[in-house]
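**Q** Read off the chains here:
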Amino acid sequence: MNKKNIKVNDLIFQTVTKIVVFIIILYSLHLFFSGHYTPGGGFVGGLMTSSALVLLLLAYDVKTVKNILPFNYINIAASGLLIAVLTGLGSLFFKVPFLTHSFKYVDLPLLGETSLATAVLFDLAVYLVVIGVTMTIIQTIGETE
Amino acid sequence: MIKVILICSLFFLTFSILATIYRLVKGPSAPDRVQALDALGINIISGVAIFSVLLRSIGFFEVILLIGILSFIGTIAFARFIERGVVIERKHSE
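Read top to bottom, the protein sequences are chains A and B. If you count the first sequence from 1, position 66 lands on 66 in this note's numbering, and the numbers rise without skipping. If you count the second sequence from 1, position 62 lands on 62 in this note's numbering, and the numbers rise without skipping.
Don't take every hint at face value.
[Unchecked claim] Listed next, the in silico EDC-like pairs over lysine to aspartate or glutamate satisfying Cα-Cα at most 20 Å (straight line):
#1 A/K18 to B/E89
#2 B/K91 to A/E113
#3 A/K63 to B/D38
#4 B/K26 to B/D38
#5 B/K91 to A/D61
#6 A/K63 to A/E143
[Stated by the list, open to error] Over the 10 Å line for every Cβ pair with chain B, so calculated as not near, a few chain A residues:
#7 V8
#8 F33
#9 G40
#10 P70
#11 T87
#12 Y105
#13 D107
#14 A119
#15 L124
#16 V133
Worth flagging that the hints you see were computed from the coordinates, not collected in a lab. What you are looking at is a predicted structure, and each value in this text was computed from that prediction instead of being measured. Just so you know, even glycine gets a beta-carbon here, dropped at the ideal spot from N, CA and C.
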């Protein structure tokens, strides 16, 4: 490229990113937790979180983002798969078939009566796998010359 | 009455989407096409909003925010590709 030696300055974009990334991550957490009763769930929540990380990668560079978030995304995907298998195996302790889920109404101190479902743990596994796979793909492509 | 108004606005939105598609196909340079894609995303957001009012459903409100975020990130990525030649930098040049 012939524009390589022009000094670039991303001040507006980086300032906007610092605010917008938190909004996107909050929205992805909302999508993740509301997946049981309204549209959303682990898959789209994970995609939104990884799109927030992609926005960070766009505003800064690969090295800076690795300093901010020193995660190995392959390990995140692997731990997601592990959680998915463990939630399936956990149902075997109660003499029910593999991957049987249950829920219970619990009085939480701040939230009041809430139904805690074990399906959320499986959703968490999907969330972690989606983040891990997406970020591994994007970082591997971004790092190659 | 409100149904007629909503359907009319969907009709006009279709016209504006067709106009942006014309710019997308015909646009002489790449920035024209990127801006047409951005405008297309905004038109689709308003289309989804009007459609969810028409259907009396709140199930599509997540889609509105989702398209907004994805359109923003896509436009930024295209803009960086046009300006620098790379989308994600390995490290800053200075």
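**Q** When you look at the beta carbon of A/T87, is every beta carbon of chain B farther off than 10 Å?
**A** Check passes; 25 Å lies beyond 10 Å.
**Q** Hey, is A/L124 genuinely clear of chain B, shortest beta carbon separation above 10 Å?
**A** holds, 19 Å
**Q** Does B/K91 pair with A/E113 here, judged by a C-alpha cut-off of 20 Å?
**A** violated, 49 Å
**Q** With 10 Å as the threshold, tell me whether A/P70 passes as away from chain B on beta-carbon distances.
**A** holds, 16 Å
**Q** Measure nothing beyond the straight line between the CA atoms of A/K63 and A/E143; if it is 20 Å or shorter, mark the hint as holding.
**A** holds, 9 Å
**Q** Does A/V8 sit more than 10 Å from chain B, CB to CB?
**A** At about 7 Å from chain B, A/V8 fails to clear the 10 Å cut-off, so the statement is violated.
**Q** Over 10 Å from every CB of chain B: does A/F33 meet that, or does the non-interface label fail?
**A** Holds, because the least Cβ-Cβ distance between A/F33 and chain B comes to about 13 Å, which exceeds 10 Å.
**Q** Under the criterion that the straight-line Cα-Cα distance not exceed 20 Å, is the pair A/K18, B/E89 satisfied?
**A** Roughly 18 Å between the alpha carbons, so the hint for A/K18 and B/E89 holds.
**Q** Would you say A/G40 is clear of chain B, with no C-beta pair closer than or equal to 10 Å?
**A** violated, 6 Å
**Q** Hey, B/K26 versus B/D38, does the alpha-carbon distance stay inside 20 Å?
**A** holds, 16 Å
**Q** Is the Cβ of A/V133 farther than 10 Å from every Cβ of chain B?
**A** Since the minimum Cβ distance to chain B is about 17 Å, A/V133 lies beyond 10 Å and the statement holds.
**Q** Over 10 Å from every CB of chain B: does A/D107 meet that, or does the non-interface label fail?
**A** holds, 28 Å
Consistency note: the structure conflicts with the earlier hints numbered 2, 3, 7, 9.
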